[in-house]
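Okay, here's what each chain looks like letter by letter:
There are 2 protein chains.
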Amino acid sequence: EIDFNLAAIYVSDAQYNRNVYFDTLPQAVRLYMLYNHWALKVLLYFFMLVNLSLAIFEDPAVYPLPIWATMLVEILCLLIFTIRLIHYAKVILRDKFWKDPKNICIIVILTLTLVDMIIYGALKAANYYGVRWSRVLRPLLLVNVTEGRQLRRAFRSIRNALPQIFYVFMLFMFSILIFSLMALKLLGKRGLTNINGTPYFTSYLEIMFDLYVLVTTANSPDVMMPAYNANFFFAVFFIVYILINTYIFMSVFLAVVYNSYKKYLKEEVRQLVRAKRHKMVRAFGVLQEQREEGGEPVVTQASWNQLVRLVQPNLSNAHRELLWSVSDDKNQGVAFVQLADLLNIEIITIKSRPHPLQSLCPSLYQSAPSKLLCQLVQHRAFVMVYDLIILVNAVFIGLDEENPMIANSEWVFLALYILEILLKLYVFEPRVFFSKHSFWNWFDTIIVISALIATIINSVMKSSSHFSSRQILDIVFILRVLRLIRVVDSIKRFRIIINTLIRIGPAILTFGQLIIVVYYIFAMVGMELFKGKVTFYEQSSTNLAKAYCGNPLLNGTDFAKLNYCKNNFNNVVSSFILLVELTVVNQWHDILYGFATVTHISARIFFVLFHIIVVIVILNIFVAFVLEAFFVEYSVDKSDLQTSLERKIEELELAVAQYVTLQRVVSGGPIEWVG
Amino acid sequence: EIDFNLAAIYVSDAQYNRNVYFDTLPQAVRLYMLYNHWALKVLLYFFMLVNLSLAIFEDPAVYPLPIWATMLVEILCLLIFTIRLIHYAKVILRDKFWKDPKNICIIVILTLTLVDMIIYGALKAANYYGVRWSRVLRPLLLVNVTEGRQLRRAFRSIRNALPQIFYVFMLFMFSILIFSLMALKLLGKRGLTNINGTPYFTSYLEIMFDLYVLVTTANSPDVMMPAYNANFFFAVFFIVYILINTYIFMSVFLAVVYNSYKKYLKEEVRQLVRAKRHKMVRAFGVLQEQREEGGEPVVTQASWNQLVRLVQPNLSNAHRELLWSVSDDKNQGVAFVQLADLLNIEIITIKSRPHPLQSLCPSLYQSAPSKLLCQLVQHRAFVMVYDLIILVNAVFIGLDEENPMIANSEWVFLALYILEILLKLYVFEPRVFFSKHSFWNWFDTIIVISALIATIINSVMKSSSHFSSRQILDIVFILRVLRLIRVVDSIKRFRIIINTLIRIGPAILTFGQLIIVVYYIFAMVGMELFKGKVTFYEQSSTNLAKAYCGNPLLNGTDFAKLNYCKNNFNNVVSSFILLVELTVVNQWHDILYGFATVTHISARIFFVLFHIIVVIVILNIFVAFVLEAFFVEYSVDKSDLQTSLERKIEELELAVAQYVTLQRVVSGGPIEWVG
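Protein sequence lines correspond, in order, to chains A and B.
Per my numbering, the very first residue in the first sequence carries number 13; after that it's consecutive.
Per my numbering, the very first residue in the second sequence carries number 13; after that it's consecutive.
In case anyone wonders, no lab produced these hints; they're calculated from the structure.
Just so it is clear, the structure is predicted and the values come from calculations on it, not from any experiment.
Honestly, I wouldn't trust all of these hints.
Copies of the same chain are indistinguishable here, so a pair counts whether it falls within one copy or spans any two.
As the list claims (entries may be wrong) - List time: in silico BS3-like cross-link candidates among lysine-lysine, alpha-carbon distance up to 27 Å:
#1 Lys573 <-> Lys558
#2 Lys197 <-> Lys474
#3 Lys383 <-> Lys436
#4 Lys114 <-> Lys436
#5 Lys504 <-> Lys274
#6 Lys274 <-> Lys474
#7 Lys436 <-> Lys274
#8 Lys474 <-> Lys201
#9 Lys201 <-> Lys573
#10 Lys448 <-> Lys436
#11 Lys275 <-> Lys504
#12 Lys558 <-> Lys545
#13 Lys278 <-> Lys543
Please put together the full structure from these sequences, using the hints given.
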């Protein structure tokens, strides 16, 4: 009566680095297995997305919906989150539940949201002005759910870097203060004027702000020009300023963030490894049997098989036997602990079975012309010919598609690409061609087939109604251009870089979540502060207010002159796009001045805060992360486990895949194995 | 008859990492010692500076001088460089001289310069148009002289990173090409217009260029606005573009540069250590004596002393004895090899001698009030009171100095600062107070005394002629503000950061040289291409051409509107300032469009090339360098040698300095020793 469920849970927790102190009673274990079911997770994230998307429909809305509709959906979301939390509470030990700050956070967020909804509903019903302040809490759910492990780690790495950043930031601010004072003394009394005739560098606060903006380089060289025009020695002042504050301090910020990131990463990995070992030891404890009196406790192959079948049901028998042969060491306890890592090493079991056509009509497939064809397709020249075709295609795409010759050439190229895929399918076993890691094969096929469909739809529409849909045409164009990307795969150096980027992709997605959390909060606050202050008029509008974005205060400002009216906080989509522009930093001071003009000078605080949090802290963490990820990937050595697995595969006299040229698998990633 | 000169040369070559294959004949050795004399080096660098500064006086000149004058000075410079080279040729082995590419480089540069001068002189004499093209070669002398070791290393680290950068750059350009094609297809036919009414995104080359500029963020969000105004989905295109090309690719550039920098640094350090050991072994070989038949060869203390006296004449006897006690190991050969490193470890020999006042009038200095005063000055509160004074001073500086009360308060503050220095000099031994590493003491004293002198001159001028010189006043203001910086030294966290920055300072200077070499070349080329195309008119000028920088082609362009007329290549100083602006990147496209308008569209190549070389390559190396330097300094562990020296100091029962609080020495740097 071994509790296989319990052991399997330990192993899969170890495999996915889950640290949940679940109850070990059989019923709780079953509940926990349900809790980890992928469908429930997808459901949770779906409602998370719905909850976040509500901002599109709530005032200020992109597509307005009545309040009761959005409220109803929100209540549904809250309900789902509550159920999920109750499920979690049933799974884990009661005292652990109440000690975990993230559970408390979720409860607080849900309660506050409910309270806010009631207040807001009541205020609206009584026709009062209300603010849905609890909307800023929504993205915090993403961080606090059990599945938000990676995201929490990213936030933790920021929190860890903060004390260090703080001191450098203080010094940096001190430097700005000193330089501002110097600028005031040197330039304030010279009677210089800005380009628009206003006095130059006369107010200390304004100078401080201008110099802060100069650190971001957004107002360079304009801020320097009046002084430089007066005397070129003043340029030296600004050059020294930029050198110290933009180059040295910004590098020091990166250095400090990167340093704390590396230090923290090491500690984190160490903890993860410890927790993993701990769980595997527990799993071993559950499975072990005393084979003989006084002997070492062991795990039999039968229980081992049952365990692995439970943990990873879709593993082939051959693969499982391979893993057992690696695990069945003299010191079984130690070998068992590796199982979680072993399961995480991807092994592509390339079935060395023959091509389906060979079974269907062997005489034809084995004939001399057919063999010649196979050789041709596998030849280097084949790849080069198609690279050439892609280049010619690129030129044709660049030419005017109104020309009927050019428009028809598209069919030729489409036919050529489809021919390529068919030829490859003729030569290579389809299951190998479309294996999970053949990124470029999938990419090619999807792009070419989509392009075919879109082109057909387009030409059908054109011939039937003499009118081609702009949207369809856009999609066709995008697909055509995307097809060209494939050419990079032919150059080995490029492939290495691209593969590195693809591999750090998932981790970049974690950063994407982090950015969305921060953006969402700023978007909600920004919308409350600035909604409706700036209006965008369509190109075709003849409204005179168009020249000043519908707000007379903006008349003659750079904001209006640069036609920035659409950069506003009037709905959540505009807000997000505006926040991206603020992250890019350039011209952010014009945007900021615009919003400060239509509201109050203190509106600057919002923008400066955004700059400090997103650009100085988060973007530096992002760069630190890309740097570290790149170094790790560049110096990719296979782990000991991977090598021992490979040795085992060879020992077992299983030929290591020879299909490397065909495979186009992500290099250095999974192990190939002809099973 | 030991050749002490030869041994000393080996040791000092090892100490300063010189790799010169000099002739070991006594005469050549003496010549080599002369070659290494500091005065000759200073002379060389002085004439290097003169040679580079000629650009200020040559056409297009800041201060024009007749051609014969600059030519005469240049010939003098060339003569000095030739003499220096001949001196070097006499020192080293003949075949080594001709095998060394840097000697060949110098000869080629000198010859080409001479040829160019003759041609130019002849052309000018015949009143033809001539170009002084050899001016771009001038800064290359900085790189190729024997002393330019650090600079060559910096260039080598760039050269080593190039192959890696090249592939990423190709991929990056490919990405721009693909996005440009997509932009052309998506946006080219929509009839959109830029803010000035020109068609938007219709030419492939223009799109490519605009998107390249977008990577530098200089035209964000303006380049996106027309498309975004038409449909907000197009913003997605630009956001994806920025994400991939600005954030990911730029991080990858940094990662690649940093990676190759680190790898190369390790290799470089390994080679340096090997070369150093090799030289020390040779020095040992020269000095060793066979004390007894068949015994180990040893270096006697007498020869050792003579050697060290030759290498470092200003070392105190106590210090030399300390070093001997560290070196006099059983395994003398190994210990001897460390000598070069030992000499490089700075030891501050704090003479524990009494305060001069104590010797002069001991009764007064030892009296109770005097002792109380000493205690007061050494108390924490003393520092805090002065920090407070500095803060109050900052407020006073910020106020209007026209107010007589404020103007007079300056005398009070000056008196307070002088009092502080005098008090400290009363308490601490002056030689300790002004020791080499007491950065802040030196800083304080110099600033305060300069401020005193400048303020006196200013008030004398004011009272005598009722007119204060603007320049003197500017200096007074700068000194006053600089005085405030001292406050950061009171906060420990700040001190650590500042000290780190001070310590990486010398290496940043090497980068400064590198930047000057590159800037100088670009300035010379830029001046030939763009001189006189744009004219700057003084503020007071009433010339109508002022509105378009004296060039009708610029009428109505952003360049003229933004008042960028002084951003020109009309002389070497303007050129350098303009190149700094281009390095900062912001608005570089407006500057570039300006110069392309007044010359030819291909002028863009000059600016893009500058961007690629300086911003993508050199600045990334700079950041990589700051990162690495910061990590090394942050994780500063004393080397084994330093610890063994410290242990020895303690063993010898010499008290380790107790003056740490007083010292304010660069933390973690030199060892203090009360000898």
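Going down the list of hints, with the structure as the test:
| no. | hint | verdict |
| --- | --- | --- |
| 1 | Lys573 <-> Lys558 | both (11 Å within a copy, 23 Å between copies) |
| 2 | Lys197 <-> Lys474 | between (70 Å within a copy, 18 Å between copies) |
| 3 | Lys383 <-> Lys436 | within (13 Å within a copy, 94 Å between copies) |
| 4 | Lys114 <-> Lys436 | neither (51 Å within a copy, 55 Å between copies) |
| 5 | Lys504 <-> Lys274 | between (30 Å within a copy, 24 Å between copies) |
| 6 | Lys274 <-> Lys474 | neither (57 Å within a copy, 59 Å between copies) |
| 7 | Lys436 <-> Lys274 | neither (45 Å within a copy, 43 Å between copies) |
| 8 | Lys474 <-> Lys201 | between (69 Å within a copy, 17 Å between copies) |
| 9 | Lys201 <-> Lys573 | between (30 Å within a copy, 25 Å between copies) |
| 10 | Lys448 <-> Lys436 | within (17 Å within a copy, 75 Å between copies) |
| 11 | Lys275 <-> Lys504 | between (34 Å within a copy, 22 Å between copies) |
| 12 | Lys558 <-> Lys545 | within (13 Å within a copy, 38 Å between copies) |
| 13 | Lys278 <-> Lys543 | neither (44 Å within a copy, 56 Å between copies) |
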